[in-house]
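Engineer: Residue strings, one per chain:
Protein chains: 2
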Amino acid sequence: MLEYKTFELGNLTLQHGATLRGARLAYQTYGELAPDRGNAILYPTWYSGRHWDNEWLIGPGMTLDPGRYFIIVPNMLGNGLSSSPSNTPPPYDRARFPRVTVYDNVAAQHRLVTEKFGIERLALVTGWSMGAGQTYQWAVSHPEMVPRIAPFCGSSRTSTHNRVFLEGVKAALTADATFAGGWYAHPPVTGLRAAARVYAGWGFSQAFYWRHLYEELGYSSLEDFLVGFWEGFFLDDRDANNLLTMLWTWQNADVGQTPGFGGDTVAALGSIKARALVMPAEKDLYFPPEDEEWAVRHIPDAELRVIPGVWGHFAGHGSNPEDTRFIDAALRELMSL
Amino acid sequence: MLEYKTFELGNLTLQHGATLRGARLAYQTYGELAPDRGNAILYPTWYSGRHWDNEWLIGPGMTLDPGRYFIIVPNMLGNGLSSSPSNTPPPYDRARFPRVTVYDNVAAQHRLVTEKFGIERLALVTGWSMGAGQTYQWAVSHPEMVPRIAPFCGSSRTSTHNRVFLEGVKAALTADATFAGGWYAHPPVTGLRAAARVYAGWGFSQAFYWRHLYEELGYSSLEDFLVGFWEGFFLDDRDANNLLTMLWTWQNADVGQTPGFGGDTVAALGSIKARALVMPAEKDLYFPPEDEEWAVRHIPDAELRVIPGVWGHFAGHGSNPEDTRFIDAALRELMSL
Chain G
1 MLEYKTFELG
11 NLTLQHGATL
21 RGARLAYQTY
31 GELAPDRGNA
41 ILYPTWYSGR
51 HWDNEWLIGP
61 GMTLDPGRYF
71 IIVPNMLGNG
81 LSSSPSNTPP
91 PYDRARFPRV
101 TVYDNVAAQH
111 RLVTEKFGIE
121 RLALVTGWSM
131 GAGQTYQWAV
141 SHPEMVPRIA
151 PFCGSSRTST
161 HNRVFLEGVK
171 AALTADATFA
181 GGWYAHPPVT
191 GLRAAARVYA
201 GWGFSQAFYW
211 RHLYEELGYS
221 SLEDFLVGFW
231 EGFFLDDRDA
241 NNLLTMLWTW
251 QNADVGQTPG
261 FGGDTVAALG
271 SIKARALVMP
281 AEKDLYFPPE
291 DEEWAVRHIP
301 DAELRVIPGV
311 WGHFAGHGSN
321 PEDTRFIDAA
331 LRELMSL
Chain W
1 MLEYKTFELG
11 NLTLQHGATL
21 RGARLAYQTY
31 GELAPDRGNA
41 ILYPTWYSGR
51 HWDNEWLIGP
61 GMTLDPGRYF
71 IIVPNMLGNG
81 LSSSPSNTPP
91 PYDRARFPRV
101 TVYDNVAAQH
111 RLVTEKFGIE
121 RLALVTGWSM
131 GAGQTYQWAV
141 SHPEMVPRIA
151 PFCGSSRTST
161 HNRVFLEGVK
171 AALTADATFA
181 GGWYAHPPVT
191 GLRAAARVYA
201 GWGFSQAFYW
211 RHLYEELGYS
221 SLEDFLVGFW
231 EGFFLDDRDA
241 NNLLTMLWTW
251 QNADVGQTPG
261 FGGDTVAALG
271 SIKARALVMP
281 AEKDLYFPPE
291 DEEWAVRHIP
301 DAELRVIPGV
311 WGHFAGHGSN
321 PEDTRFIDAA
331 LRELMSL
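Chains as they are written, first to last, in full-length UniProt numbering: chain G, 1 to 337; chain W, 1 to 337.
Just so you know, the hints here were simulated from the structure itself, not pulled from any lab data. Beta carbons: idealized from backbone N, C-alpha and C, even for Gly. Any given hint might turn out to be false.
Distance windows between CB atoms, simulated [claimed, not checked]:
hint: 1; chain 1: G; residue 1: Val227; chain 2: W; residue 2: Val227; range: 24 to 34 Å
hint: 2; chain 1: G; residue 1: Gly228; chain 2: W; residue 2: Gly262; range: 45 to 55 Å
hint: 3; chain 1: G; residue 1: Ala177; chain 2: W; residue 2: Asn87; range: 26 to 36 Å
hint: 4; chain 1: W; residue 1: Ala185; chain 2: G; residue 2: Arg96; range: 27 to 37 Å
hint: 5; chain 1: G; residue 1: Gly318; chain 2: W; residue 2: Asp264; range: 30 to 40 Å
hint: 6; chain 1: G; residue 1: Ala267; chain 2: W; residue 2: Gly318; range: 35 to 45 Å
To spell it out: a stretch of chain G is covered by chain W in this simulated footprint if at least three of its residues, at any positions, have a beta carbon under 8 Å from a beta carbon of chain W; those stretches are [claimed, not checked]:
hint: 7; segment: 134 to 141
hint: 8; segment: 147 to 161
hint: 9; segment: 317 to 325
Excised from the complex, chain G in its bound form (with noise of 0.2 Å):
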C-alpha cells in the first residue's frame, strides 16, 4: 500500500555529526501488534525502495504472515518518504543532506520500535540489500533485543569492489551537467538514465541474460528490458541527491564503525547474540557468497545458506517465485527454532 505513517524523531544527531531538526521516519505496518508485544518483525528498506517494495515476502500463508506478525517496515533515511534531501525543508535540504550511516538509521528505528511501540524484543529482523546491512546493524547495535536475523543479499560491512561498483553508478548520475552538484532546477534525467544503464549489468547475473530471462518479466527485447525496466526504475520517483544519500550510506556501512567497535568489524559480527541465517544469493555480482562466507565464520550462531540459480542479486527483490519460496522457506525454518 502506498499510505504510510510517519513517526517524528524530533532531533536526529547523525554520526558525522550533523543535527537534523524535525526528522521524521516513514514506515507501515502489516498485522496486530500481540498484548505481550512478542510477535514483531522489522523489516526495513533496501536502496531506493519503499516500503511497499517490501510487501513480495509479507501475506496470509507466508512466514511473514499478518495474521500471526506484527511486521514494522521503515523507510530508509533518504528513500523520499522518511527524511531525505527530497523532502527536508532549508538549510539541509538537497545537495545539503547530511551524511547518514546505517547505524543512525537503525537508531531511529529502535525509537519508533520502543517509543512509539514498547517493543522490548524483536521477533526477527530481515532485510534484502540495505536492508540486510540493517539488519546485521540491528544485531550489533541491539543485540538483546534481537534473538534471530536474517539478512538476505547483503553484508554487514560493504566490500571494496561493491564500493568501487557504486563509483560507476554515482560517476554516471553526476557526469550529467544538468545534476549542478546537486542543486538541479529540473532532475539530471539523462544521468538517471545512465546510473540505470550501469546497474543494470550489476543487478542480474551473466547467466540471467544469457538466458534471456528478462522476457519472463514481460521485456520483449533486452532494450525493452534496459528502458522499461531500468530507466523506468531510476525515473520512477527517484530523487538524484536521494540516491546519493543512500549510496554514501551504502558505501560506508559497517557494522564495525558502530560505537565501542572502533572499526573492528570482526570484533562487532563476534558481539552478535541473534542466530543468523545468512543467504546471499549464488550469482549476486555485488554481494558474492564468498564476503557472506567471511561473515558467518565470526559470528557465533550463523548460518550460510546460499539461495541458488542465475537471478543475481534479484534473488531477494520477489521477482522470482522460485527465491521467493526459497526464502519464505528458510525464515519459516528461522522462525521455528
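Starting from the known structure of chain G, fit chain W onto it as the hints suggest.
Structural biologist: For chain W alone, coordinates are given in the frame of chain G:
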C-alpha cells in the same frame, strides 16, 4: 615500442555498407619472417589497446619469441593508430565514422598478411579480450590459414550480459553534455572519467578488490587506483569517438555474422579447423568461463583451460606475472602440437 608501420588499405568497404576511403592499418612486427613464411604469428589488439600494450607477452625466452617467430600486431580499427574517428578526414571523421565489425578488422588484417607479407598460413593467432574475438574471427574467416588459435579472456560472440556492461560504459561516457553527440570541441573529460569508474568494477574481480591487490600494482589506496589507474587509462590519449567505435564493434561481435553463416554462431564455430586452446579467466566478470565452455563444445578440436586466480579480466593484461606464466606456458604447449 611506440613506432609503427602503416599498411595502406585503399578503399575499405565495410560489412555494414560504408566505404572507408584511404583506410590505413597501423601495425608493428617483432622478429624476422622465415624464408618459407611459416613462422608468422598474428596477435591483434584489444579494446583501446595499442600494439605496444601487447608486448608483455612477446620476448626472448617466451613462447612468442622474436628470435623464432615473426609476430605481427595489427592495431584494431578505431584504436587511434589504424583508421579511427580521430584520424580520418571528413566526411567519415569523428561522429560520422562508420560502424566496423570484427569481420571487417580481420578482412583488413588478412590483406596485410597476404598482400604485404605473402603469408599463406599463420602459425598461430592469439589475443586478449577483443583480441580473442578477432582470433576466433580469423579461424572462421580463413580456416585454411589458421592451424592454431589461443583466444584468452574473450569470446566468439559478445554475450547479452557483456553488451549490457558496455551499455553502462557508453551511457556514462555520453552523459557528459560536452560529448555533444560526438562533435565535442574539447574532450568530454567528465564522461571519460565516469566511464573509467564504471569500468573499474568490471575489469578486476570482487576477490581482487577484497584483497586490495591494487596495492601490488603500486596504488596506495582504492581512490588512488580509481584515479591513477582507471581514470588515467581512459585519459591516456583515448578519444571518445574512438572508444565508442570499438565499443560498437565489441557489442556486435559474433562469428555467426560472417558472410555465409546467416547469424548461426554454432555453425560458424563448427567450421573452425584450427586446434583451439581457449583460456577464459576464472573470475572474469564479462567473459565468464561458462560462456567459453559453451563455445568449446561447438568447436571440433578445442580445449578449455581456465586461468585460475582472482585477477578477473585483467589476468590477460600482463599485470600479474603468475597469469602471464600460465598463458605463456599454454601457448608453448599449443605451439608444440
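Engineer: None of the hints should be skipped; say for each whether it holds.
Structural biologist: Hint check:
In this structure, G:Val227 and W:Val227 meet the distance hint of 24 to 34 Å, their C-beta atoms being roughly 32 Å apart. For G:Gly228 and W:Gly262, the hinted distance range of 45 to 55 Å is not satisfied, since their beta carbons lie about 30 Å from each other. In this structure the supplied range 26 to 36 Å holds for G:Ala177 paired with W:Asn87, their Cβ-Cβ distance being about 28 Å. A beta carbon spacing of about 33 Å between W:Ala185 and G:Arg96 agrees with the range 27 to 37 Å that was offered as a hint.
In this structure, G:Gly318 and W:Asp264 meet the distance hint of 30 to 40 Å, their C-beta atoms being roughly 38 Å apart. Restraint check, G:Ala267 to W:Gly318: a C-beta distance of roughly 40 Å satisfies the suggested window 35 to 45 Å. Given as covered by chain W, the segment 134 to 141 of chain G fails the check, having 0 residues with a CB less than 8 Å from a CB of that chain where 3 are the minimum. Only residues whose C-beta sits within less than 8 Å of a C-beta in chain W count toward coverage, and the segment 147 to 161 of chain G has 3 of them, enough to reach three; the restraint holds.
Figure legend: the segment 317 to 325 of chain G, annotated as covered by chain W; annotation inconsistent (0 residues with Cβ-Cβ distances under 8 Å, at least 3 required).
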